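Read off the chains here:
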Amino acid sequence: MKKVIVILLSVFSVAAYAQPTADEIINRVDKNMSAENQVVESQMTIHGRRASRTITSVSYTVGDKKSFTEYLSPPREEGTKMLKLEDQLWIYSPTTDRIIQISGHMLRQSVMGSDLSYEDMMDDRKLTDVYSAELTGNEEIDGRQTWVLELEATVPDIAYASRKIWIDRERYVPLKEELFAKSGQLLKRSIMSDITRVDGRWYPMVIVYKDMMKQGEGTEFKITDIKFNQDIPEYIFSKAALKQ
Amino acid sequence: MIKFLLKGLFRDKSRSLLPLIVVAIGVMLAVFMRGYINGIMVDMIEQTARFNTGHVKVMTKAYSDNMSQAPNDLALTNVSELKKNLRNDFPDIEWVSRIKFGGLIDVPDENGETKSQGPAMGIGLDLFSPGSDEARRLNLERSLVRGSMPDSEGEVLLSEDFSRKLDTGPAKDVTLIGSTMNGGMAIFNFRVAGTVRFGNTGMDRGTVIADLQDVQHALNMDDAAGEILGLFDSGYYEDETAAPVVRKFEDKYTDENDEYAPVMLRLRDQEGLSIYVDMSKSMGFIITFIFIVAMSLVLWNAGLLGGLRRYGEIGIRLAIGEEKGHIYKTMIYESVMIGFAGTIIGTAFGLGLSWLMQTYGLDISEFTKNATTGVMMPDVVRARITPPDFYIGFIPGVLSTVTGTMLAGIGIYKRKTAQLFKELET
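Taken in sequence, the protein lines are chains A and B.
No gaps in the numbering here: position 43 of the first sequence is 43 in the working numbering, and each next residue is one more.
No gaps in the numbering here: position 139 of the second sequence is 1139 in the working numbering, and each next residue is one more.
Because the hints were derived from the structure by calculation, they are not lab data.
Mixed in with the good hints, there may be bad ones.
Unchecked claim - Taking lysine-lysine and the DSS-like style, the derived pairs with C-alpha atoms no more than 30 Å apart in a straight line are:
no., chain 1, residue 1, chain 2, residue 2
1, A, 243, B, 1084
2, A, 31, A, 126
3, A, 210, B, 1281
4, A, 210, A, 227
5, A, 222, A, 239
6, A, 239, A, 66
7, B, 1084, A, 214
8, A, 243, A, 164
9, A, 243, A, 222
10, A, 243, B, 1115
11, B, 1416, A, 239
12, A, 239, A, 164
13, A, 182, A, 164
14, A, 81, B, 1061
15, B, 1248, B, 1329
16, A, 65, B, 1115
17, B, 1115, A, 66
18, B, 1061, B, 1084
19, B, 1329, A, 81
20, A, 31, A, 243
21, A, 65, A, 126
22, A, 31, A, 222
23, B, 1115, A, 239
24, A, 65, A, 81
25, A, 81, B, 1172
26, A, 239, A, 81
27, B, 1172, A, 239
28, A, 210, A, 182
29, A, 243, B, 1172
30, A, 176, A, 239
31, A, 176, A, 164
What the hints assert, rightly or not - Selected chain A positions facing chain B (in silico; Cβ < 10 Å):
no., residue
32, 22
33, 43
34, 46
In this text the structure is predicted, and so the values were computed from the model without any measurement.
Ideal placement from N, C-alpha and C gives every residue a C-beta, glycine not left out.
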């Protein structure tokens, strides 16, 4: 009997030891989700109250400081470009031939009528750089075991004061995320799916964003192609490139 | 007897002149004040109707639920056909399309990059169609501070304070950044034709006025509009006129199951205007009541003075056997006659003053130029003569004279016949 108890205790101890800490989980998530650079082709389908529309774009991102996006369709949006350098954002509109800086409260506005704000698009920082995490439980989502983590902001310049993330225990990818204001109000919810192995890392190819303050059925962001660690020419990240 | 009393009033001026003057002045003030305050209230309501609410407003049900946010993604579509039907169904109402929109106005520097920008509230209205009355309705030409009215497509007016803040002005380009009807990004270049001052802090802080077609083009709202305002031909909002219009509209157009079906709201059902509408209605009664009380007090005193002066006369009349009740009655008859005469004179003068105020108005633009009020005040305040002004004066005029006389006349019943001769001897 004693032997059985000792064996059971040992098994439990090993299991307990095997459970990673919140910081370790977040680190693993960052490794999957962040890259030195990436080129993403995507389709963003915005489900409005009256109709849905799809916008296609290609984005080039280097670290968390530089990003360039060009919208490819529909015709009304075609040729619109966005450039992010550090904490500044510019939009180029071919119909007006203007480069417009987006700043202040405009950063909280919706991008192309979607459930994503400019702020959401701009913040490419790693979770470990801006949040402290706490493991609060385990849940199952669509048959996948997840860790539930609650994150509190550690920096002041952040759009969401806290987050709750459901991390796939096997693939270290978020499957669901809820973003909260300082008051504790739920602002946004995102559901990740179609987790695919790309260049040795797991990555969600479909993310459905829902701005809880807006009516409508949310915005589906579908990655049609993603490449990591590419040679991206430096000139892309300049205002001159916007007009080209 | 009436002839006899009239003769007495004409011959003994001291008996009738003071009460007549008091009644005439009181009625004149009551009639004029009623017309003046009614005019101000109505002007405020009408100004709001012209800018914002119409006398009735047609929107989609979904839009009306979030009207304060001007959600153009929920705007009316096929507006030309809807307006054509509305004109057929309600020929006594002028129907005008409006688009309210929010966005950012961006001012470029010499390289075309952002020099300054600020949030703006915009109104798209028909500025160029032949016969369109919209510019006059919003008093835009008179509100111009710099530049001129837009006369070609792509030209806009900015509020003066806003344009100063952005360091831009007439003949300069600005870019509107907003949302299209289907939620996309709208970026559109305009040229500033002129700047205007509305005399309303909220609007002066950041308003863009653009032609409806330009806004439709910029926001991808082809043949769509957020709102269709209906303005009565009479030029004034009346609940009694609006109610049957709304009923007829609901019977024909409203569909509870379709959130994009058009709905109609009366002016009083928008922007908390019911208080103003009710106030404008009850103001006449409030003023009449105040004047009844004030004039009754004055005429009571006048009656008391008259009673003192006519102390001897009444004494003799009692002594020769006239009934106290009869004397009291004749005095009331006299007061009714004075009341009528005073009211006719007072109403005539009051209406005359009101007419002058209605026709020429009082220019208060110097005072409202830097006003910080939340309500829309017109530059010229005017009185408004309505049918009740012709008879409302009779209520305070006659009632207060009779009340004053009745109160003062009570003294007659306190006279003791036994002491009359003693009093007369002295």
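Mind listing which of the numbered hints don't hold for this structure, in increasing order?
Result: hints 1, 3, 7, 8, 11, 12, 14, 15, 19, 20, 30, 32 and 33 break, sorted rising.
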